[in-house]
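Construct the complete structure from the given sequences, taking the supplied hints into account.
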Amino acid sequence: MKTVPSMQVRFRYFQRMKRERRLQLWGIAAALAVLLLFSASCSNSKLEQQIEAMSNQLGILEDTQAIRNLHHAYGYYIDKCLYEDVVDLFAEDGEVHFAGGIYRGRTKGVRRLYVESFLEGFTAGKPGPAHGFLLDHLQMQDVIHVDPDRKTAKARFRAFMQAGAHETSKSPMGEADRKAKRKPTQWWEGGIYENSYVKEDGVWKIQILNYNPLWHADYANGWAHTRVGYLGTDAPVLYPQNPTGPDALMDSGWALWPETMIVPFHYKNPVTGKPLIMEKR
Amino acid sequence: MKTVPSMQVRFRYFQRMKRERRLQLWGIAAALAVLLLFSASCSNSKLEQQIEAMSNQLGILEDTQAIRNLHHAYGYYIDKCLYEDVVDLFAEDGEVHFAGGIYRGRTKGVRRLYVESFLEGFTAGKPGPAHGFLLDHLQMQDVIHVDPDRKTAKARFRAFMQAGAHETSKSPMGEADRKAKRKPTQWWEGGIYENSYVKEDGVWKIQILNYNPLWHADYANGWAHTRVGYLGTDAPVLYPQNPTGPDALMDSGWALWPETMIVPFHYKNPVTGKPLIMEKR
Amino acid sequence: MKTVPSMQVRFRYFQRMKRERRLQLWGIAAALAVLLLFSASCSNSKLEQQIEAMSNQLGILEDTQAIRNLHHAYGYYIDKCLYEDVVDLFAEDGEVHFAGGIYRGRTKGVRRLYVESFLEGFTAGKPGPAHGFLLDHLQMQDVIHVDPDRKTAKARFRAFMQAGAHETSKSPMGEADRKAKRKPTQWWEGGIYENSYVKEDGVWKIQILNYNPLWHADYANGWAHTRVGYLGTDAPVLYPQNPTGPDALMDSGWALWPETMIVPFHYKNPVTGKPLIMEKR
Numbered sequence: 023m024k025t026v027p028s029m030q031v032r033f034r035y036f037q038r039m040k041r042e043r044r045l046q047l048w049g050i051a052a053a054l055a056v057l058l059l060f061s062a063s064c065s066n067s068k069l070e071q072q073i074e075a076m077s078n079q080l081g082i083l084e085d086t087q088a089i090r091n092l093h094h095a096y097g098y099y100i101d102k103c104l105y106e107d108v109v110d111l112f113a114e115d116g117e118v119h120f121a122g123g124i125y126r127g128r129t130k131g132v133r134r135l136y137v138e139s140f141l142e143g144f145t146a147g148k149p150g151p152a153h154g155f156l157l158d159h160l161q162m163q164d165v166i167h168v169d170p171d172r173k174t175a176k177a178r179f180r181a182f183m184q185a186g187a188h189e190t191s192k193s194p195m196g197e198a199d200r201k202a203k204r205k206p207t208q209w210w211e212g213g214i215y216e217n218s219y220v221k222e223d224g225v226w227k228i229q230i231l232n233y234n235p236l237w238h239a240d241y242a243n244g245w246a247h248t249r250v251g252y253l254g255t256d257a258p259v260l261y262p263q264n265p266t267g268p269d270a271l272m273d274s275g276w277a278l279w280p281e282t283m284i285v286p287f288h289y290k291n292p293v294t295g296k297p298l299i300m301e302k303r
Numbered sequence: 023m024k025t026v027p028s029m030q031v032r033f034r035y036f037q038r039m040k041r042e043r044r045l046q047l048w049g050i051a052a053a054l055a056v057l058l059l060f061s062a063s064c065s066n067s068k069l070e071q072q073i074e075a076m077s078n079q080l081g082i083l084e085d086t087q088a089i090r091n092l093h094h095a096y097g098y099y100i101d102k103c104l105y106e107d108v109v110d111l112f113a114e115d116g117e118v119h120f121a122g123g124i125y126r127g128r129t130k131g132v133r134r135l136y137v138e139s140f141l142e143g144f145t146a147g148k149p150g151p152a153h154g155f156l157l158d159h160l161q162m163q164d165v166i167h168v169d170p171d172r173k174t175a176k177a178r179f180r181a182f183m184q185a186g187a188h189e190t191s192k193s194p195m196g197e198a199d200r201k202a203k204r205k206p207t208q209w210w211e212g213g214i215y216e217n218s219y220v221k222e223d224g225v226w227k228i229q230i231l232n233y234n235p236l237w238h239a240d241y242a243n244g245w246a247h248t249r250v251g252y253l254g255t256d257a258p259v260l261y262p263q264n265p266t267g268p269d270a271l272m273d274s275g276w277a278l279w280p281e282t283m284i285v286p287f288h289y290k291n292p293v294t295g296k297p298l299i300m301e302k303r
Numbered sequence: 023m024k025t026v027p028s029m030q031v032r033f034r035y036f037q038r039m040k041r042e043r044r045l046q047l048w049g050i051a052a053a054l055a056v057l058l059l060f061s062a063s064c065s066n067s068k069l070e071q072q073i074e075a076m077s078n079q080l081g082i083l084e085d086t087q088a089i090r091n092l093h094h095a096y097g098y099y100i101d102k103c104l105y106e107d108v109v110d111l112f113a114e115d116g117e118v119h120f121a122g123g124i125y126r127g128r129t130k131g132v133r134r135l136y137v138e139s140f141l142e143g144f145t146a147g148k149p150g151p152a153h154g155f156l157l158d159h160l161q162m163q164d165v166i167h168v169d170p171d172r173k174t175a176k177a178r179f180r181a182f183m184q185a186g187a188h189e190t191s192k193s194p195m196g197e198a199d200r201k202a203k204r205k206p207t208q209w210w211e212g213g214i215y216e217n218s219y220v221k222e223d224g225v226w227k228i229q230i231l232n233y234n235p236l237w238h239a240d241y242a243n244g245w246a247h248t249r250v251g252y253l254g255t256d257a258p259v260l261y262p263q264n265p266t267g268p269d270a271l272m273d274s275g276w277a278l279w280p281e282t283m284i285v286p287f288h289y290k291n292p293v294t295g296k297p298l299i300m301e302k303r
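Heads up: the sequence lines are chains A, B and C, in that order.
Numbered according to this note's numbering, the first sequence spans residues 23 to 303.
Numbered according to this note's numbering, the second sequence spans residues 23 to 303.
Numbered according to this note's numbering, the third sequence spans residues 23 to 303.
Keep in mind the hints are simulated off the structure, nothing from the lab.
Hints may be right or wrong, so weigh each one.
Said to hold, decoys possible - Where chain B lies over chain A, by a calculated footprint (3+ residues, C-beta under 8 Å): (1) 69-82; (2) 98-105; (3) 149-155; (4) 159-165; (5) 185-193; (6) 201-214.
Virtual Cβ for every residue (Gly too), placed ideally from N, Cα, C.
Right, here's the structure in full:
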C-alpha cells in the first residue's frame, strides 16, 4: 500500500505543488478543452451536412409518395365523373395533352375539356357517376422521378379501362345507344401517361397530364377485331372554332391500335442510363 | 525579418509575461471554451430536434410501405383461398365490412366469414386453391395516409377480379355448375377498398377491411348486360340465426351495378384539401 | 439597492480576491468545460448512431423505390418488344426462370431467350413493337423486401396481360394466323413474379427473373374454357440441342390452369411471421 499513493495522497501532493505548476496544469486542461471543442464543432458541422443530405433524400421519397397519391386520386375521381375535383388537381398553368390536342390553363383549357366536354357528354353536366355508365380507369405501374430541386417531377403510369353503358343506362351514352337501336357500347382500353408535376406552396399539382390511349377493344370482339380508325386521329378543330376544342395541336402526331407506338420515356434505361436500343446488337 | 517576431520569439515573450497576465489569458481561454461549448450544446439540441422530425417522417414512409405490403399480401392470399392466413392479418378486434354486413373479431366474425363461409364454399374447407377455380384479386392504386401518431392509418385500394370455374373444375362451384347443367360460371369484378389499419407492438394489422364490390360482368356478355340484382342487396340475415351471417348491418346501404355509387373517400382533395364537389361550378 | 451588490461591485470584489482563489475559480471553470465537452461528445456519438440507423432505414426505402421502378420499367419495355433494353436490366450472372427452364447469364442465356427467341418470334428481329401485335404486361401489387445488407432483395409482383394479333397484323403471329386460316390469336394471361435483385456499383439489377404464368384464356371463350395443355408443360429441350432452349431445368415443375398452384412466397405472413397455413385450424 505504501508504494501506491492513494487518491487523497495524490490530491495533497497536487495541493503542495507550486502554484506555478498548478497554473500550467489548468492551462493545459483549458487548451485541451478548446481543442476538443473545435473538433466536436467540426464533427457537428459534418453531422449537419449528413443530416442535410438525408433530409433531401427523405424529401424526395415523400414527394414520390405524394405524386403517387395525387395520380391515384385523379384515377378515382375520373372513374366517377368528378371532373370539378379533377380540374382542381392542376397547376394554374397546367395542361392536358390528349387525342392530338393541348388544353391550356386550369380554369380555361383544362376545365373546357373535363367540364364542358366530358361532364356534359357523360353525365349531362352533373358531377358524379351516371346510372349504368361505367368508366373505371385502373391506375398502376408508376415510374416516378423527382427532379433534384424537388420542385418538378415526371412520372409514367399505365391505365387499363372498363367502360360503357349498361342496357338499362339512363346516361347520355345509354340514351344514344337506344336511340341508334344499337347494342350497348362497352369497351376495354389500354393507355399510358407521361405526366409532369410541379410543387407550389409545398403541394404537388399536375403540370401536364399527357394521356396516350393505345388500344380500344369492343367487349364482344376483342382487340383482334378493333375497327381501324376506332377513334379518328385527324387533327382536332381548335378552340374557339370548336367550343370544346383544344388550344393547340400536339407536335407529335398520335396513332391508335392496330398501329403501335412507343410513348416516349421520361427516363433512360435504369441500369445503363442509355436511351432505347432500337436495333438488334 | 527583425520586424516580424518568429513564433519562438513570441512564445518566449509569453513566458516572460507576468504570471498575473498569463493567468488572465488562460482564464479567457477557459471562458471562451465554456461559451463555445454552450453554443455547441445548443446546436446539438437543434440537431436533435431536426433528427426527431426526420425520424418521424421516415417512420411514416416505412408505415406506408408496410401497409402497402400488408394489403398486397392479403391480395395474394385471398387469390389462393389461404383464408387462415388472411384471418391472421387482422387485429384482435378487427372487422370486415362486406355486402351489407359487419363481421366482428378476428377469431369470431372475421373467421366466420373467411373460414366458415368462403373456405367451405370455395374449396370445401381445405386451405389452398381448388382445381379449376380461379379467384384472382388484382390489387392496385393505393392511396395511403398514416395518422400523425403513427398508430392508425387509412388506405384506399382497388381490386379487379377474374373469377370462376373451369369446365373441368372439381371445386364446389364447378360441381354446382355441372349439377345445374349450366355453363361454367366465370365473371369479371371491380371494387374498391376503404380500409383502416392499426399498429400493435410495432406490427401493422387490418382494423377494418371494407370491400365494396361495384360491378360484376359475366364473361360471355360483359358489363353492358349484367343482370340487375346480380347479387341480392337485401340486408343479410344476422348471426347466429344465419350461422355464417354478419354480427351487424352496415349503416350505409350498398348498391351494385348498374347502380353507381361513390365509395366515400377517407381523404379530401389532395390539392385543395376540400371535400368532393358535387355541383358544376 | 445597497443590499444587492451590482455586477460592477461583484466584479470589483472578484478582482480583489486573492490570486489563489481566482486561480481555483478558473480551474473549476476549465474542469467544467472539459466535463461538459465529454458529455457533448457522448451525445454527439449517440446522435451519430441514430443518424447511422436512420441513414440505413432511408437507404432501404430508396432501394425499395428503385426496385419498384426497375420492375415497372421492365414491364414497359417488354410490352413493346424492347428486348435489348430488357436484357440490360440483368446482372452479368442474371437468370430467367420461365416455363420450366433456367436461362443463365445476361449475354448468354438471358439474351438467347429474349433476343434470339422472343424478338425473332414476335417482331422478326427488330426491337420495338410490331404492327398489330399487342403484348401489354400490366405490372402491379409489389411486395418488396430488401435484405439487411442492402445488397440483395426479393420481390413479388403480379402481371396481367392482353396479347395477340390484330386481324390486319403484319407481325409474325398475324402472318401465322392468316397462313393457318384461323381466327386471330388473342388471349388474356395472369401470372406472378418472384424475383431476386442485386445491387452492383450502387445500381439495382435483376438477379433472377422468375415469371410464373398461371392461366391463359382465349378472348372468345374465357378461362372457363381454356384448353387443357394450353402451353405444353413438358420439360423443355436444353441448349444447345435446342438453339433457343434453356441452360438447365427448373427443379420445381410447373403447372398451368386449370391446375392451380401457389407460387412460393419469399416472405412469411407479415403479421404472424409464420409460413402458410395449409390446414384448417
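Results of checking the hints against the structure:
| no. | hint | in the structure |
| --- | --- | --- |
| 1 | 69-82 | holds (count 6) |
| 2 | 98-105 | holds (count 3) |
| 3 | 149-155 | holds (count 7) |
| 4 | 159-165 | holds (count 3) |
| 5 | 185-193 | holds (count 6) |
| 6 | 201-214 | holds (count 4) |
The structure agrees with every numbered hint stated previously.
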